[in-house]
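Full structure from sequences and hints, please.
4 protein chains.
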Amino acid sequence: MLRGYSVPRSPEGRSSLVPAPPWHYVGDFLVLEYWADPGAVAAVLPPGLEPSPDPGRCAALFVDWQSCSDSGAELDDPIRSQYREFFVVVNALLDGEAVTTCPYIWVDRDFALARGWMQGFPKKLGSIQMTRHFPQAGKAAPALASGGRFAGTLAAGDRRLAFGAVTLERESDQGPTHNDPPLVNVRHFPRLEAGRHDEPAVHELVRARSRDRTISPIWEGKAELELYPAPNEELAALAPVRLGRGFRFTFGYTVDDLETVRDYTSVEAKAAVQP
Amino acid sequence: MLRGYSVPRSPEGRSSLVPAPPWHYVGDFLVLEYWADPGAVAAVLPPGLEPSPDPGRCAALFVDWQSCSDSGAELDDPIRSQYREFFVVVNALLDGEAVTTCPYIWVDRDFALARGWMQGFPKKLGSIQMTRHFPQAGKAAPALASGGRFAGTLAAGDRRLAFGAVTLERESDQGPTHNDPPLVNVRHFPRLEAGRHDEPAVHELVRARSRDRTISPIWEGKAELELYPAPNEELAALAPVRLGRGFRFTFGYTVDDLETVRDYTSVEAKAAVQP
Amino acid sequence: MLRGYSVPRSPEGRSSLVPAPPWHYVGDFLVLEYWADPGAVAAVLPPGLEPSPDPGRCAALFVDWQSCSDSGAELDDPIRSQYREFFVVVNALLDGEAVTTCPYIWVDRDFALARGWMQGFPKKLGSIQMTRHFPQAGKAAPALASGGRFAGTLAAGDRRLAFGAVTLERESDQGPTHNDPPLVNVRHFPRLEAGRHDEPAVHELVRARSRDRTISPIWEGKAELELYPAPNEELAALAPVRLGRGFRFTFGYTVDDLETVRDYTSVEAKAAVQP
Amino acid sequence: MLRGYSVPRSPEGRSSLVPAPPWHYVGDFLVLEYWADPGAVAAVLPPGLEPSPDPGRCAALFVDWQSCSDSGAELDDPIRSQYREFFVVVNALLDGEAVTTCPYIWVDRDFALARGWMQGFPKKLGSIQMTRHFPQAGKAAPALASGGRFAGTLAAGDRRLAFGAVTLERESDQGPTHNDPPLVNVRHFPRLEAGRHDEPAVHELVRARSRDRTISPIWEGKAELELYPAPNEELAALAPVRLGRGFRFTFGYTVDDLETVRDYTSVEAKAAVQP
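Keeping their order, the protein sequence lines are chains A, B, C and D.
Under numbering that gives the first Met the number 0, think of the first position of the first sequence as 0, with each following residue one higher.
Under numbering that gives the first Met the number 0, think of the first position of the second sequence as 0, with each following residue one higher.
Under numbering that gives the first Met the number 0, think of the first position of the third sequence as 0, with each following residue one higher.
Under numbering that gives the first Met the number 0, think of the first position of the fourth sequence as 0, with each following residue one higher.
It is worth saying that the hints were derived from the structure and are not from the lab.
For each residue, glycine too, the CB sits at the ideal point set by N, CA and C.
Among the clues, some could well be false.
Across the chosen pairs, the derived CB separations fall in these ranges [said to hold, decoys possible]:
| id | chain 1 | residue 1 | chain 2 | residue 2 | range |
| --- | --- | --- | --- | --- | --- |
| 1 | B | T166 | A | A136 | 46 to 52 Å |
| 2 | A | L92 | D | S209 | 32 to 38 Å |
| 3 | D | V260 | C | G95 | 42 to 48 Å |
Footprint (simulated), chain C over chain B, 3 or more residues, beta carbon under 8 Å [claimed, not checked]:
| id | region |
| --- | --- |
| 4 | 16-26 |
| 5 | 96-103 |
| 6 | 123-135 |
| 7 | 139-151 |
| 8 | 220-230 |
| 9 | 245-258 |
If you want it as structure tokens, here you go:
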């Protein structure tokens with residue numbers, strides 16, 4: 000019998016690219032709050048979401064993650080435990096409730112890519128780099144203090160796609176708000192049968208669930224963000240028209256659940272038989 | 000409206016990690032025919048497949064691929080076009096018909112990983128290296144001629160997992176046979192909803208379809224193959240107990256279809272309510 | 000006793016990053032002939048070289064290499080044998096003789112970087128991608144025939160730095176000429192002793208030597224070339240102001256010698272004591 | 000005029016792979032003290048060094064570095080600032096003084112490789128992974144506390160070469176001692192002129208100098224270390240025969256000097272003319 004949460008499923012279940020949930024995470028975050036062109040934000044909303052009353056509200060996030068399954072075995076073989084990530088969330092309404100959704104996201108490891116797809120994150124591989132904090136601040140390491148500067152970069156397909164930075168000013172009372180509303184994403188897995196390429200096997204709006212959330216003190220300051228075009232990317236359509244604040248902190252949580260909010264496949268099936 | 004065959008789906012449809020089929024491929028193949036422990040082969044068969052009457056019959060394949068969609072745009076940006084791959088196929092019977100199935104496979108690009116999942120190939124990322132042929136044979140390049148030696152290596156997770164080689168003897172009359180029967184794979188996409196981790200959203204046996212197949216002359220010779228263990232891999236259970244012949248050739252085809260042979264999800268649903 | 004041609008030198012001499020010469024090479028070449036701003040070309044000439052009478056004459060080359068030492072062991076472990084490369088050569092005069100020199104070059108493997116430094120190639124690491132030719136031409140592979148299109152890209156530091164392409168028209172009578180004159184480069188290895196950072200330990204003009212050169216038929220056609228800026232690169236100063244022809248072919252040779260043309264260190268020593 | 004501390008030297012001096020010193024560093028260290036076979040340690044000593052009175056004394060170090068030049072520009076583009084490193088130091092005597100020397104070392108970035116060569120570190124590229132510490136300890140991140148476990152792995156050439164780990168017990172009074180003596184290394188840059196491959200252009204014993212050293216509190220505990228063989232490596236000859244203690248801490252310093260202790264080239268020149 001083949002075992003395992005994900006492919007490749009195998010006799011002992013040790014081969015799965017993504018081990019079974021729960022998945023435990025901790026990461027250093029760089030959050031850059033901003034507003035994009037409202038029309039560009041509206042254009043990336045999945046069916047059922049309406050534009051936010053604060054039009055164009057977005058956040059860009061760089062995260063340096065460490066994660067593991069319950070066994071913790073990945074921590075002893077860190078190439079299976081660590082990854083870096085860049086993503087954008089846009090703000091919207093779902094049935095009148097404020098939500099966020101992630102149109103674009105990149106990570107630098109296969110297990111994180113696949114685990115993201117399972118959660119509705121539309122991940123590609125990229126190269127994400129982030130200024131690190133060390134307890135010995137100095138010329139080679141910014142302090143978590145006023146004037147400390149933390150940057151992040153994203154490249155994919157051998158092209159630079161994003162640069163962000165925050166220059167710290169003070170500990171934050173409130174923390175970031177643009178990425179605060181509940182996250183809804185689209186799980187999508189295509190069909191390859193001829194004639195049915197437009198009928199994905201999985202196509203559903205899902206709502207993220209997590210538990211055991213912990214967070215460090217949050218620093219905030221002046222934000223910078225640039226998004227660059229590429230032939231096979233549409234990220235730059237969400238470039239900032241106005242910048243908010245930037246934030247840096249450490250956050251951890253555990254994921255082993257997901258709520259399906261809407262199944263798009265029945266809608267598609269119906270649409271498919273209509274003129 | 001969001002467009003695109005795969006995530007990320009976007010307003011213009013340019014962002015998809017995997018562009019819409021058809022997908023055109025050409026690749027240099029190194030095929031190593033062998034027999035593994037019959038019990039180990041039986042243990043990787045998906046439900047509905049029976050052991051081959053030639054017990055333990057397998058092939059290991061290294062492939063250096065170039066691929067593109069109908070636009071061919073990827074050929075002008077080769078990082079989106081090329082990848083290398085290692086996989087094993089095992090032989091089996093499906094309703095009495097000889098078939099092959101792929102239990103383990105690695106590629107070195109994200110688009111190839113995702114495109115594989117859509118076809119039922121249980122891909123992970125790895126580093127695949129293959130001796131190249133050049134028209135100017137010499138000390139730095141083996142000839143497609145008797146004595147020419149072509150090797151391949153696989154690593155994943157920073158561990159060497161496979162080595163294979165063929166030392167050419169002659170043009171082959173028949174070509175490889177261990178990978179000849181129709182290929183059936185398992186498409187699998189998990190569910191994350193709590194309590195339903197064992198009920199994948201997609202779980203089906205599929206049969207590969209392709210067209211416009213072309214093949215170069217085939218060279219054959221003595222085969223070598225070694226598979227090495229790793230904590231999170233079960234590939235080495237399929238290590239050779241007997242070696243057959245090795246083959247080298249170039250092969251191209253087009254894929255835009257797939258046949259679902261059996262939907263496992265209904266079976267699972269039934270099994271789930273039974274003791 | 001420590002053995003080996005390069006560091007790390009070790010008891011058995013098996014550890015050297017660069018094995019002892021001779022080094023045997025074969026590679027697929029994409030050569031794009033062009034002219035850059037003559038002032039920009041003059042600015043990259045090492046001491047002793049004068050501008051070419053054909054001002055601004057340059058060539059950009061993408062190469063997909065396979066190489067090995069006399070043992071050929073690297074061909075059985077191709078990660079130690081293969082690399083891709085992008086470089087520019089500019090034309091100049093040395094004591095009245097037409098020569099070329101390489102101001103900028105990138106490769107994708109450590110052994111090739113170090114071997115290049117030993118030959119006076121100022122290599123950095125980059126990601127070089129090139130459209131491949133396969134014997135089975137088709138939608139996924141251009142033919143070596145009129146209309147066949149071969150592209151190359153360079154990225155380094157997560158930024159795209161170059162794009163080049165040739166659209167083939169016919170077999171070439173003459174082949175490329177912009178990279179034809181003898182190649183002279185600068186071997187340079189710094190000193191770290193305080194107060195002497197400006198006195199490199201090795202600083203000499205060298206002239207490449209090679210033997211056992213072989214070349215395939217050469218195809219030529221229309222050339223395209225774009226060079227892009229980056230904060231830590233000056234490649235874009237050599238961007239084309241006029242394009243020549245493009246060429247594609249396979250070339251092999253062996254290297255185990257180098258001629259020192261001029262030792263700059265004595266000049267520097269003298270200059271250092273002068274006002 | 001060409002400017003820059005290292006190749007490629009360029010009109011504006013912005014292209015150099017290694018910017019001019021001083022170089023500022025900070026890094027998280029995992030130090031594993033051990034003893035190797037004394038004969039194997041003696042075999043890697045450069046000329047002029049004698050075995051330590053504590054035969055076979057070694058340390059293996061994993062380091063997660065961030066570094067920059069005086070401008071600090073690299074911190075805003077972290078791909079030019081960060082790298083990971085694995086190396087071994089062995090203990091020896093130089094003119095009766097306890098010293099250490101580094102026979103083997105791997106890093107994951109080109110600038111670090113080249114900067115290492117300039118300091119006498121015989122660097123190759125590798126993949127180095129290390130368990131990270133985060134301020135939010137939990138299932139995904141070990142605490143800097145008794146029971147916290149930090150691991151490191153090294154791979155190069157697609158082969159796993161080392162595993163190390165420390166399970167913390169307490170803050171350390173003394174800190175590590177096996178890597179404490181002054182570090183002497185060999186700067187070596189080969190010659191390629193035919194007939195003189197055995198006469199390196201640079202071959203000298205150098206003594207590291209640094210300043211502005213800072214260090215965090217040090218944790219210590221039980222050490223684990225395994226070194227694995229590879230065809231083109233001799234690291235495994237230095238595998239542990241006895242383990243000491245393990246340590247974890249953060250350390251920063253600045254480098255802009257180096258002392259030449261012995262010039263081997265004059266010795267070689269003499270030896271070359273003798274029978």
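Q) Are there three or more residues in the region 16-26 of chain B whose C-beta lies closer than 8 Å to some C-beta of chain C? A) holds (count 4)
**Q.** Verdict on chain C covering the region 220-230 of chain B, criterion of 3 CB contacts below 8 Å
**A.** Violated, because only 0 residues of the region 220-230 of chain B bring their Cβ atoms closer than 8 Å to Cβ atoms of chain C.
Q. Within the assertion that chain C covers the region 96-103 of chain B, do at least three residues meet a Cβ-to-Cβ distance smaller than 8 Å?
A. violated (count 0)
Q | 8 Å C-beta criterion, at least three residues: is the region 123-135 of chain B covered by chain C | A | Since three or more residues must qualify, the claim that chain C covers the region 123-135 of chain B holds, with 8 doing so at under 8 Å.
**Q.** Outcome, coverage hint (the region 139-151 of chain B, chain C; C-beta under 8 Å; three residues)
**A.** Held - the region 139-151 of chain B has 6 residues with a Cβ nearer than 8 Å to chain C, which meets the minimum of three.
Q: Could you tell me whether the CB distance from A:L92 to D:S209 stays inside 32 to 38 Å?
A: violated (57 Å)
**Q.** Verdict on chain C covering the region 245-258 of chain B, where coverage means 3 or more residues with a C-beta closer than 8 Å
**A.** Coverage by chain C holds for the region 245-258 of chain B (4 residues, Cβ < 8 Å).
Q. Holds or violated: 42 to 48 Å for the Cβ distance of D:V260 and C:G95?
A. holds (45 Å)
Q: May I ask you to test the hint 46 to 52 Å on the CB atoms belonging to B:T166 and A:A136?
A: Since the Cβ atoms of B:T166 and A:A136 sit about 58 Å apart, the hinted range of 46 to 52 Å is violated.
Violated hints, listed in ascending order, are 1, 2, 5, 8; each of the other numbered hints is respected by the structure.
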